[in-house]
Amino acid sequence: MNDCKLLKHVMGCAAMLLAAIAPGPCAAQETTMQTMIYDPGQLKPVDSVLKVKVGDPAPHFSLPSLTGETISLAQYRGTRNVVISFVPAAWTPVCSDQWPGYNIVRDVFEQHDAILLGITVDNLPTLFAWTRQMGELWCPVLSDFWPHGEAAQRFGVLRTDGTAERALFIIDKAGIIRFITVSDINRRPDLKEIVDALRAIQ
Amino acid sequence: MKTLCLQLTVALIMSVLPGMASAEKTPAAGELLVAIRLKAPEKPDARAYLGLAESGSFDPTTITGQLLIIEIFSMYCPYCQREAPAVNRLYQAIEASETLRGRVKMIGIGVGNSAYEVDHFRKHYQIAFPLFPDEDFIIHKSVGEVRTPFFIITDIGPNDKGQVLWTGAGQMDKVETFINRLNGFLKQR
Numbered sequence: 003m004n005d006c007k008l009l010k011h012v013m014g015c016a017a018m019l020l021a022a023i024a025p026g027p028c029a030a031q032e033t034t035m036q037t038m039i040y041d042p043g044q045l046k047p048v049d050s051v052l053k054v055k056v057g058d059p060a061p062h063f064s065l066p067s068l069t070g071e072t073i074s075l076a077q078y079r080g081t082r083n084v085v086i087s088f089v090p091a092a093w094t095p096v097c098s099d100q101w102p103g104y105n106i107v108r109d110v111f112e113q114h115d116a117i118l119l120g121i122t123v124d125n126l127p128t129l130f131a132w133t134r135q136m137g138e139l140w141c142p143v144l145s146d147f148w149p150h151g152e153a154a155q156r157f158g159v160l161r162t163d164g165t166a167e168r169a170l171f172i173i174d175k176a177g178i179i180r181f182i183t184v185s186d187i188n189r190r191p192d193l194k195e196i197v198d199a200l201r202a203i204q
Numbered sequence: 165m166k167t168l169c170l171q172l173t174v175a176l177i178m179s180v181l182p183g184m185a186s187a188e189k190t191p192a193a194g195e196l197l198v199a200i201r202l203k204a205p206e207k208p209d210a211r212a213y214l215g216l217a218e219s220g221s222f223d224p225t226t227i228t229g230q231l232l233i234i235e236i237f238s239m240y241c242p243y244c245q246r247e248a249p250a251v252n253r254l255y256q257a258i259e260a261s262e263t264l265r266g267r268v269k270m271i272g273i274g275v276g277n278s279a280y281e282v283d284h285f286r287k288h289y290q291i292a293f294p295l296f297p298d299e300d301f302i303i304h305k306s307v308g309e310v311r312t313p314f315f316i317i318t319d320i321g322p323n324d325k326g327q328v329l330w331t332g333a334g335q336m337d338k339v340e341t342f343i344n345r346l347n348g349f350l351k352q353r
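Protein sequences, first through last, are from chains R and E. My numbering runs 2 ahead of the 1-based position in the first sequence. My numbering runs 164 ahead of the 1-based position in the second sequence.
Worth flagging that the hints you see were computed from the coordinates, not collected in a lab. Because the structure is a prediction, the values reported are computed rather than measured. Some hints here could point you the wrong way.
Unchecked claim - Mimicking EDC-like on lysine to aspartate or glutamate, the simulated pairs with C-alpha atoms at most 16 Å apart in a straight line are:
no. : chain 1 : residue 1 : chain 2 : residue 2
1   : R       : K194      : R       : D109
2   : E       : K203      : E       : D223
3   : E       : K207      : E       : E218
4   : R       : K194      : E       : E299
5   : E       : K351      : E       : D324
6   : E       : K287      : R       : D109
7   : R       : K194      : E       : D283
Okay, chain R solo, but in the shape it has when bound:
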């Protein structure tokens, strides 16, 4: 082994050792999800410019979902309010525990005639593997992978590295945007924000 290879080998071993002893947030997930989470560290809080504002008609999108259906925003026109949850990427720390939290607020969404659509720019196989670790999600999970980030781009939440912002949009039954929040990508938005916004559009 030459010096360079040896150095890489030893540093690789050190990295594995550190990964093995590093702390994480979910004990029962230790052997499953948490060991597969890639931590990008602190990121620029927001890295895009919104293209829409409250009161605008929501941009159209039609995306493939994990169930095999293609979901269009237009299909909810007149029947459901739509909460769109863009999250940056599969297998990253904050994203991995945002949607599981929404699993126990389904009743709140239903009380407000709302459906939740989860969207990332990952492809379907990635989303399939990732969301299987979350328990049974009740909301459709959509892939904005190709054309890459097109839906995120239309809303103005596609970051310069090709991931999406951590953003929430609420679209009313008339297809009008009633609420927008683009969170610091490093933090999960408070559930209360969504619930208050849903109450406000009733």
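Chain E: place on chain R using the hints.
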């Protein structure tokens, strides 16, 4: 060169470990629980359960009783969601036990959860013991950023107040096992 590489490796590990000091602070049996401050519940029945006369902040080791079970959880953690019914059964078993009721208390601390989120978790799972938010992860950091759910049994009696007696992570033991553990600790007091 090999020596240099090994030195570099050790240096790398040593340079990162201080930043992981939180891992060293994970509560462990025999140690004292780190200082934690919680906001007293507004509901009188929750304050009565904890033995708190007034509102304001309090140290959980001042809760009345002999043993305190602290569950570190998150509303967003699917494993905490799955464990919630088992944790409820533990609370109910304690409250149904002549020997444990009043001597063993339970609280939950929702890491990274707002007051609203903790309250939603409480309502969703009909949790009867007091839950507290740790919205900015302050307590989570002070207990070594443990994975959730994480359980701590602490002595809150007069002699060994604040001494950690047991910790456990992940899926809960059977309620009977947990109850036997509590009884065992109480016999030693």
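*Under the criterion that the straight-line Cα-Cα distance not exceed 16 Å, is the pair R/K194, E/E299 satisfied?*
Roughly 13 Å between the alpha carbons, so the hint for R/K194 and E/E299 holds.
*Is the Cα-Cα distance between E/K351 and E/D324 16 Å or less?*
Cα-Cα ~14 Å, so holds.
*Decide if the proposed pair is consistent with the structure: E/K203 and E/D223, CA atoms, cutoff 16 Å inclusive.*
Distance of about 9 Å is within 16 Å: holds.
*asked:* Against the 16 Å threshold, does the CA-CA distance of R/K194 and R/D109 hold or violate the hint?
replied: holds (14 Å)
*Given hint E/E218 paired with E/K207 - CA-CA distance at most 16 Å*: holds (11 Å)
_Just to be careful, I want the Cα atoms of R/K194 and E/D283 compared with a cutoff of 16 Å; is the pair within it?_
Holds, because 11 Å separates the two Cα atoms, which is no more than 16 Å.
*Between E/K287 and R/D109, is the straight-line Cα distance small enough, at 16 Å or below?*
holds (12 Å)
Against the hints set out earlier in the document, no violation occurs for any number.
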